[in-house]
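Novice: This is what each chain is made of:
2 protein chains.
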Amino acid sequence: MDERYYVLWGEQSKSFKMTEKLKNSILGRLGIQEKEDIWDGFISPKVVSSGLNIPSIDKCISRSNISFDTGERFYHSIGKGCADFARMLDGKDIRIVDAVIYPNEDELNCLMKNADKDTGIIPYGGGTTVTEGLSPHNAKKYFISVDLKKINSININAQDMVVNSGAGVKGPDLERELNKAGFTLGHFPESFLHSTVGGWIATNAAGQESNRYGKMRDIVVSIKMISPKGQITDKIVPNQSSYFRPMDIAVGSEGAFGIITEATLKIRNMPRKLFYQSFIFRNFEDGVKALKELFDGSDYPMVARLSDPTETELSFKGIEENMKTKLFMNYLKMRGSLQGGSLLIVVNENGKIKHLPDSISSGRSPAKIWREGRYDRPYMYNSLLKMGILADTIETSAPWSRIIPIYNEVRKSFYSEINSLGINGMIMCHISHEYSIGSALYFTYLFYANDNREEKLNSMRNAILSSIIDNGGAISHHHGIGRSFKPFLSKYEGFNYELIKSIKRTLDPDDIMNPGLIDL
Amino acid sequence: MDERYYVLWGEQSKSFKMTEKLKNSILGRLGIQEKEDIWDGFISPKVVSSGLNIPSIDKCISRSNISFDTGERFYHSIGKGCADFARMLDGKDIRIVDAVIYPNEDELNCLMKNADKDTGIIPYGGGTTVTEGLSPHNAKKYFISVDLKKINSININAQDMVVNSGAGVKGPDLERELNKAGFTLGHFPESFLHSTVGGWIATNAAGQESNRYGKMRDIVVSIKMISPKGQITDKIVPNQSSYFRPMDIAVGSEGAFGIITEATLKIRNMPRKLFYQSFIFRNFEDGVKALKELFDGSDYPMVARLSDPTETELSFKGIEENMKTKLFMNYLKMRGSLQGGSLLIVVNENGKIKHLPDSISSGRSPAKIWREGRYDRPYMYNSLLKMGILADTIETSAPWSRIIPIYNEVRKSFYSEINSLGINGMIMCHISHEYSIGSALYFTYLFYANDNREEKLNSMRNAILSSIIDNGGAISHHHGIGRSFKPFLSKYEGFNYELIKSIKRTLDPDDIMNPGLIDL
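Chains as they are written, first to last, in the numbering used here: chain A, 1 to 520; chain B, 1001 to 1520.
If you're looking for bench data, these hints aren't it; they were derived computationally from the structure. Some hints here could point you the wrong way.
[To be verified] Result set (DSS-like, lysine-lysine): computed pairs, CA atoms no more than 30 Å apart in a straight line: (1) 352/A to 1352/B; (2) 1273/B to 292/A; (3) 1035/B to 1021/B; (4) 1273/B to 1326/B; (5) 1501/B to 501/A; (6) 354/A to 1352/B; (7) 1491/B to 113/A; (8) 289/A to 352/A; (9) 35/A to 326/A; (10) 1368/B to 1386/B.
Next up, chain A with everything else stripped away, as it sits in the complex (with noise of 0.2 Å):
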């Protein structure tokens, strides 16, 4: 009897409450009735090795830190995307690393000297990805999927204000070190459960209080590289004025240059106390305009994040009926919000906001509620994959005065393409990292298809992206682009590209780290 996995997001007794409303909607947009579930999130899969055997981590690896199981390898093969789980749902065959390696420091760098260029060597943190940042694609090598959580060290240095952190720590323990100290580190993605360091650098991973304490690239101070050339490490100085840093190329470097083994982090005092407050703007247009206002200052809140209409709508939808909420849904009823208005919630240590234009406040409730949800968005996508409903998230960055154009064409693009695959499909956008110069929007999209999933999503896909970059906005935000959308990379980058290729070639001439992620 062949084994059977469980590859949702998380963990598996945890479950989203959606209610009856919520559920409703999202079917009822998708053109279903009722819906059983199809699925339980397990699978048995057709896995595919390279079928080659590379003696080169018997040399440097102990045994007892070596893996061969089948479930590990596939576990450390696939992404928590849409794209890892619409291959799965179409039933297709998976493709996962040869071995799994838990290395300490010394036996990684031994490795990283050996490998030659029949290895593919891919770095594994949390396992989060979702852009396919964890798929081996290249038939003619030895894949090693190299998993850092024993590389996870903790030192704080509070005269300095810095913590140093081993590349495989994930966020809650990094994060209860630092609390233990009174201190806060402030980088709490969605997947800050689950994510490490260095997944979170080299994606430039941006968490959901960013304005506050930055995205990874304002927040890492060094890190220490190790690639199959050599290792690359920065000095701990605040400010550097000739040439470009070592942690200025390995942010984003998506392990295709070698491995982020540690880092050092600015860390800050934990905030006192926070202030919740929310507004409803007629349309997202308007509450766009506000927010810019908001962030042309110095003195912005850390978390401001503004749904369109839709999400705005399932937001509400979602929210468990009681006498309080009922009071407040009339109340927005009432004041002619709940048709096509845009939530903004706000969250804040230095005090209120004061009124913000166009707009009518809509009490603390909805900030609360999403502060206390904050990891729990995925486990409705593993309720909506039951059903066979698949959920794909894409991200940009723009400056303000792209924001709508980009939204609007998005949203265009979106609905023409599913139109043509003759698919039913829902998409919806807020934005949650602001600039003085503009902010990211990040994109939600459902749909429903039979069969040809995969296909299907990449048409959509290319379609949004396509969108997003003809109309001026970044490749992704916070997302990195992993395997999912590197064919837009060398015409997104242009000559630039040539740059990319020259560390790659620098650090990596084999390309043994993620191959394929980078031309050479």
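Could you slot chain B onto chain A? The hints should help.
Specialist: Below, chain B alone, put in the same frame as chain A:
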């Protein structure tokens, strides 16, 4: 009769009013009695050219945009740093560029495509380098100085809070246009009146208000850089997750990768009001401690400038005496703050800061006086230079825990070095750019020598920078390293240097751009 050229800082007509007290204090510390001017700031240099004549510019640059005038070539080949002045006072030969061009962008593109390996190209902005960033050093090349003053467009985009500026635009011209529209760039280096956008980026410059507005690495949104192998440019987006961006490698590139021709920069609303304060600490250490506390949180001042006791004493001696200042000095004397006290001046946008531990308040005047004379200090050096006294500056950044060790070690190695050179000198220091994790340290030292000034300067620089690097400081915080400190680069960077070289090889394999700055 040979032409004579004025080579000191800034405008010839402008001078620094040095009080007798200040002058006597400096002379006393240098062990000099009353000193007459020995120099008027003019020189008739023994100039040296390559002797080559390569017609590559004829093809691309219109005749009216080329100059072979000796004066123009001379001015484009020297900076305003101590090494330049030491060499001139020593009466040494000065290697100068063979031609100066003032191209428009089309001409520049043509030149960069056609320049061959016998050509050296040195970008010229405001000519204010203090690290020999302009000096041709390779005897076998024909050197062209590319003066960017005709690349000077300014386009404000208020919607996206950015300005697009030609690289040749000078500080006051850019700020004037921005102020008219209610904005500021907030970048005010001491060289502000003369330096250019391109130069700021090439050295990752930091202005006096960088705590609020950021250094160039924070201000730049996108650059355009023309290299011998092609043009790189950034998408104008607030953040990008995947890989590094052209601006990441262009900031601090010292003219060695290509010519930065334009940049998009963040702009800010003009501050409504500024608050001025000053404090005196018993010693430098107490001041450093207070600074660290101040920058732990998110609400820190836009300027916080802490002078060590020597700089504090000279600052007070430089204030013109009147009834009011006499009373103030008496007050400070009474409080015991003039003996070894460290002055902190603070300028803030959001109100005053409360009492700082272990300090006494010394009112608004020191901060206002500093700000009014913020661009004047180099004129004091002019006055000293006329007496034959040389002033050099070396700056770094370091984590808080390394600030006092570096401060002490630099002073020790400086005094030990001048001792063994048998000359008199003095050194002082201030901190003026702070971070949550540390700060910059800015050393100014003065010395007097009758001969071999350049050689003596180099041995002092060597002693100081070695002390800095050995004790955990950055190779430079915001001056760049130019040719002056290039010899330290290889050791400082270690294997990281390979990354810098790989970018150089990709963009400029024939070492046309500022040849010799990066080893290939």
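Novice: So, for every hint listed, does it hold in this structure?
Specialist: We went through each hint and held it up to the structure:
1. Between the alpha carbons of residue 352/A and residue 1352/B the distance comes to roughly 21 Å, so the proposed pair stays at or under 30 Å and holds.
2. Pair hint residue 1273/B plus residue 292/A holds up; C-alpha atoms about 22 Å apart against a cutoff of 30 Å.
3. Using a Cα cut-off of 30 Å, the hinted pair residue 1035/B and residue 1021/B holds, with the two alpha carbons roughly 14 Å apart.
4. Distance hint between residue 1273/B and residue 1326/B is fulfilled; the C-alpha atoms sit about 29 Å from each other, no more than 30 Å.
5. Only pairs whose Cα atoms come within 30 Å are accepted, and residue 1501/B paired with residue 501/A is accepted, the gap being roughly 13 Å.
6. Of the supplied pair hints, the one linking residue 354/A and residue 1352/B holds, its CA atoms being roughly 22 Å apart against a limit of 30 Å.
7. Taking the CA atoms of residue 1491/B and residue 113/A, the gap is about 23 Å. The hint holds against a cut of 30 Å.
8. The suggested pairing of residue 289/A with residue 352/A holds, with an alpha-carbon distance near 19 Å, which does not exceed 30 Å.
9. About 27 Å separates the Cα atoms of residue 35/A and residue 326/A, which keeps this hinted pair within 30 Å; it holds.
10. For the given pair, residue 1368/B sits about 28 Å from residue 1386/B by alpha-carbon distance, which is consistent with the 30 Å threshold.
Every hint, counting from the list given before, is met by this structure.
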